[in-house]
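K.L.:
Residue numbers (our numbering), protein chains in the order written: chain D, 13 to 394; chain Z, 13 to 394; chain L, 97 to 478; chain G, 97 to 478.
Quick caveat, the hints were computed from the structure, so don't treat them as lab data. It is possible that some hints are incorrect.
[As the list claims (entries may be wrong)] Simulated pairs of lysine-lysine, DSSO-like, Cα-Cα distance not exceeding 27 Å:
1) L:Lys323 x L:Lys285
2) G:Lys112 x G:Lys285
3) Z:Lys207 x L:Lys127
4) G:Lys124 x D:Lys207
5) D:Lys207 x D:Lys149
6) G:Lys197 x G:Lys127
7) Z:Lys207 x Z:Lys149
8) G:Lys127 x D:Lys207
9) Z:Lys207 x L:Lys323
10) Z:Lys207 x Z:Lys28
11) G:Lys285 x G:Lys323
Quick caveat, the model's predicted, so the values are computed rather than measured.
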Amino acid sequence: MIPTEDQSALQEAARKFSREVLLPGYQQRERDDAWDRELGREMGRLGLMGTDLPEELGGLGQDSITTGIISEELAYGDFNVSALPVNVSLNAAILMRHAPRDVIEECVPQMISGDKIMAICLTEPRGGSDAANLQLKARRKGDDFVLNGEKTSITFAYDADLFLVFVRTGAPEDGAKGVSAFFIPEGTKGITRTKFDDVGSRIIGRGSLFFEDVVVPARYMLGDEGRGFTQVMQGFDYSRALIALQCCGAAQASLDEAWAYSKEREAFGRPIGQFQGVSFPLAEGESNIAAIRQLSYHTLALREAGLEHTKEAAMCKWMGPKTAFDVIHQCLLTLGHYGWTHETPHQQRMRDVMGLEIGDGTAGVMKQIIARQKIGRAAIQY
Amino acid sequence: MIPTEDQSALQEAARKFSREVLLPGYQQRERDDAWDRELGREMGRLGLMGTDLPEELGGLGQDSITTGIISEELAYGDFNVSALPVNVSLNAAILMRHAPRDVIEECVPQMISGDKIMAICLTEPRGGSDAANLQLKARRKGDDFVLNGEKTSITFAYDADLFLVFVRTGAPEDGAKGVSAFFIPEGTKGITRTKFDDVGSRIIGRGSLFFEDVVVPARYMLGDEGRGFTQVMQGFDYSRALIALQCCGAAQASLDEAWAYSKEREAFGRPIGQFQGVSFPLAEGESNIAAIRQLSYHTLALREAGLEHTKEAAMCKWMGPKTAFDVIHQCLLTLGHYGWTHETPHQQRMRDVMGLEIGDGTAGVMKQIIARQKIGRAAIQY
Amino acid sequence: MIPDDDQKALGEAARKFSREVLLPGYLKRDKATCWDRDLAREMGGLGLLGVSLPEEVGGLGERSVTLGIVTEELGYGDYNVSQLPINVCLNASILLRSAPKHIVEEWVPQMLTGDKLMAICLTEPRGGSDAANIQLRAHRSGDDYILNGEKTSITFAGDADIFLVFARTGTVEDGAKGVTAFFVTEGTKGISRSRFDDVGSRIIGRGSLFFEDVVVPARNRVGDEGKGFTQVMQGFDYSRALLGLQACGAAQASLDEAWAYAKEREAFGRPIGQFQGVSFPLAEGESKIAAIRQLCYHTLELRDAGLEHTAQSAMCKSMGPETAFNVIHQCLLTFGHYGWTMETAHQQRMRDVMGQEIGDGTANIMKQIISRSRIGRAAIQY
Amino acid sequence: MIPDDDQKALGEAARKFSREVLLPGYLKRDKATCWDRDLAREMGGLGLLGVSLPEEVGGLGERSVTLGIVTEELGYGDYNVSQLPINVCLNASILLRSAPKHIVEEWVPQMLTGDKLMAICLTEPRGGSDAANIQLRAHRSGDDYILNGEKTSITFAGDADIFLVFARTGTVEDGAKGVTAFFVTEGTKGISRSRFDDVGSRIIGRGSLFFEDVVVPARNRVGDEGKGFTQVMQGFDYSRALLGLQACGAAQASLDEAWAYAKEREAFGRPIGQFQGVSFPLAEGESKIAAIRQLCYHTLELRDAGLEHTAQSAMCKSMGPETAFNVIHQCLLTFGHYGWTMETAHQQRMRDVMGQEIGDGTANIMKQIISRSRIGRAAIQY
């Protein structure tokens, strides 16, 4: 992927913001342990959110490759903050496809400006990757639906203003086909939240949401009844490539820092970069990240061309976080004991990136998708 | 990389030829232990050689990405045969940059048509990757140079008609700066050859060339005296990406065969593809190859855009053969003992691909290049 | 494992034979079309074949750790030949445990001297790792059994003089419990053989055996009817650690050669061993092989102590050949292109060791055994 | 290694203490700001601290293999606490070998009871792995030495009661031969400390020590002048195998927890252990840890037998922590998002074990030692 001139300009803006604003505060933000909403607004003002969304809704009308570039650049400075533009692009696209016009016109611009955050609520306590098994019930009651149940492992659970909730409107036997999606506007009553004590990405506020007699107007059902599940799965392909690019950004930051250290730090009277035992693992890391980066952009290019890219997206999703984790680990070790202190960001990047080895589909689920794309039902045992 | 319509058409032609003509004879060709010149001519007729060379010389005037596509497709059928178009593109480009007009007009079309093969003669017995240390002497004698010495590890040593030889015209102390390049036309006297007993790629005929009082006209010196070494190094960046694509092609062939086997072969009453212990390693192989493929095409795109791509080319060169080897090994194991017989091509692909883990610069040399690109002289100990 | 004085003496004898007799002929033996009987007799004469067999039948009465030492030492010189002491000790002990006296007395001494070779005939075409699914039929007919069916993937199929054949005497529904073992000698009417065109271990002569109305006297039944499968399985655990040591021996030979080369070969004016890019992969290989070696000996110690060792044996088998393959590959690359010629042993060691990644239970089967040892039936999906 | 009855009994005691006392408090202890003296005293009371020390000073007089067993068992429950028996046995044996009688008699018993903690002060800010380069000065002044300088990366810097300080009494050119060891007690005027903000092993309290005109009586010199460095280096080889066993213990704890989870947790209507994508990575982890464990015990056996074990120790140290880190990472992922919370121990084990990838000689230093053991000076570039 070679950026166009427009993309280069945006990339430059994102890079400047990422390195000058995000990077210096990356670790402090974790210590503050809270999402910084003003930061989201600043990204909104800089045009870093909704780059792939229509201009009339506040976006830039660019393509998804541009969104990928922004994701990668921002993650260089702060892996967690870079989750917001990904979130906006993914969620706004879902709203635009399925929500009533008034919801789109009100909420999408608010999301792009960084004023409102929307959380996708899919996973349930007994669920994990087995999403077809949803239990949160929605009962019809006049012009409304009444929701009862629990969602867990929700990104931005703690800070979200708007929700997209997947609920069972059909019978349990219907599996994925009995699932519908609802948009829940700000201020809806009956929702309570908890926040998890996670190993990383703490400002993202993963947590549980409890729905107790939550009343949602029927017109907030997104898409047809019983088609909710299929709708989200489409979005995942997109976000999987973006996630991989976030991981590439974080790994690249650690690589750049480790290279710089290897150039300055001396041992046995020479820069440690002269020892191939130091430089070669970094060269391998550069190579692996470079390859995954290009596969990710290729996946986005396939998307832009309207071509099938489920397999490629799954590849990005498992390789990106895993490789980034291993590469950052190597970078930490390059700095010796100094790398192992809290003074350097490598340890946090490892913890942050690790969350995406799990979230949005584990490596196992991704490999199963790839296998299914290659040999169909013969790959599936369940 | 998403192919354009023109590229798709060529890709389709290459694919058809590769799967229908090359693949069925892949193993037999090794048993015949000789280069099949007619096959080269057929590729010439099909427009698969010199795709990136000018139309007036018999090429197709396409870009290097197209050449990459062809390389990958052909390697799917026969890794060794796919070396020829790479050879043609690389060598013809060198001739076109530096050779006298009459040489270009005579030889380049012959190479593109598959009638003539040119060998690059760089490595020497005491050399390996240490190319600045060349010893083959060229003494000036009137309008000629007289060459004496030995080259080794030369691809197509046995079958080449034309040679590009790197010789020392300066003093040993001049290092790489005392090296010049000569074109040697067909039928020049004083050259003898041997062929190595290699583990793989046997039809490529790696071997030694002995030069005894070989007389070459001074006007066949390519480029300025003492600039030979720099000229070739430029070409290597290009061929490194193509080599990686050859490796991707070979690995993809094994992957496709292994997937097909995993779908049909049953154990414990089900297709073995249902066992994640079988399908996941294949899914990982698919992913790794997909990523390296895109990095390779990206490297070619950088070249097309006139941008720096030395680092990326080095990444392709070490990751491509290594990953392909490991992936093909996994595919062989997927077929169990059947894969371990000579009936299946995996063992040959492993042996063939392994040669490029070494040739044209080892993984160590590549990683050194990457490190130098990142931290400059601080990376170099010698 | 630290050898005692007796073990040291025997190990020293094996080492001398291995390095002075086996190693120099290793490459040449690859081209042989049959088993080298004289070599086997020489090993018999040196006492290397019956290490763990009782002294009263001509063995040395040593523990299995001692057999491991001999096996590893022999594997250093010739991976394939080192199969023989395992074969003799394992097969003779099966006969000693279960065969009628007349068989033991006639044949075991001849196995110990290297004069006669026994093949275990278990696997069938539709079988692979699913050994309980034996279909070769044995019908009782008066004082005889009549055998009909096919065995495949039999080690020493081409050269064995005597066979232990597992046949179904019960019904298919009896599974492993309907299987009986029979002792059959070469020359019995109705037996024919084929030899596979394997990638490695060619002197071992893996192949198929066809039984057509083969008459076996009832007194040549080994063990009771329906007890055949259990008897053989008892020996398998033990042999997996020995296979691991064969692989360690072969890898160590390549490592030693690679270290020696790294010490002598110069590049950039220094031994290549000074480049950590060269030395560290070898140091890693040394470390991995050292660890696996100790696990193998530990497994044999467990066996000698009468302790459970099923999971440990599976670990030896799943890690040993795979790691050895990768380590030898790295050694080959250390030699550059010279390593890639047929002149060095690395390519053959890779081909030979690879067979053991598959034979006697693939890595997947081994991992399944390990998993079952930890979580029981919860690990099994079939 | 198969434990004898005495070793089994002691191992059982250590196991019980480790699982019932250490393991339940492992996560909580991470947040402690100082070493838990009561825990140390409890271990002293159980005889776990002086395993390999002579009975006459209150130890158990066991071999180092036995100390390894205790270390591994304790590492299962708390990786950091398992550092203590190594610390006590190693340091007390240094004192026993070289310190004046009055020091031994006063302090060794208190170390054995867990009452007093000793820190080895070797590394300096400009030092790292280059330990012969010590700069902290000790000037003779009458019957005293005056120490000035800084030590860093000292284990137990925050809590130690007594210190063995390596200081330069000779000139800089003397290298390691100008270094002398001094015994210094807590409370001596002029010593100050800082504690690092480490990623893991926080209870260990790695930190710096500053010596400003610290007066040490000449009778507290340990060993002769200029002999300090050799004395400490003698102990290091031995401890590397123990560090390997600490890592094995920690990894085994995570493995056991992951297996248990794989057995209970269901997805798609079956235990997730039935998915080979889940069970096989655990089986691979079991195998690798099992192999490294045996190499560690083998190394200790070599030491107990008075045999060379430098290279083996380096192998334990380079492979143990790295492999344990990767295995624990895999265990964490087995738990999905639940594993990624602070509720499970995996994240802490990863952070703790990672410190040992760096401390006491990095993996690179270890590989250099291994390489040197194979090809001598040809392996060294500096």
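K.L.:
Confirm or reject each hint.
P.N.:
Right, here's what the structure says about each hint:
At roughly 26 Å between alpha-carbon atoms, Lys323 of chain L and Lys285 of chain L fall within 27 Å of each other, so this suggested pair holds. About 42 Å separates the Cα atoms of Lys112 of chain G and Lys285 of chain G, which puts this hinted pair outside 27 Å; it is violated. Simply put, Lys207 of chain Z and Lys127 of chain L have alpha-carbon atoms about 21 Å apart, close enough for the 27 Å limit, and the pair holds. At most 27 Å may separate the alpha-carbon atoms for a hinted pair to count; Lys124 of chain G and Lys207 of chain D meet this at roughly 20 Å.
Between the alpha carbons of Lys207 of chain D and Lys149 of chain D the distance comes to roughly 23 Å, so the proposed pair stays at or under 27 Å and holds. Proximity of Lys197 of chain G to Lys127 of chain G is assessed by CA-CA distance (about 39 Å); at most 27 Å being required, the pair is judged violated. Between Lys207 of chain Z and Lys149 of chain Z, the direct Cα distance comes to roughly 23 Å. Compliance with the 27 Å bound is thereby established for this hinted pair. About 20 Å separates the Cα atoms of Lys127 of chain G and Lys207 of chain D, which keeps this hinted pair within 27 Å; it holds.
Between the alpha carbons of Lys207 of chain Z and Lys323 of chain L the distance comes to roughly 58 Å, so the proposed pair goes past 27 Å and is violated. Taking the CA atoms of Lys207 of chain Z and Lys28 of chain Z, the gap is about 32 Å. The hint is violated against a cut of 27 Å. With a C-alpha separation of about 26 Å, the suggested pairing of Lys285 of chain G with Lys323 of chain G holds against the 27 Å cut-off.
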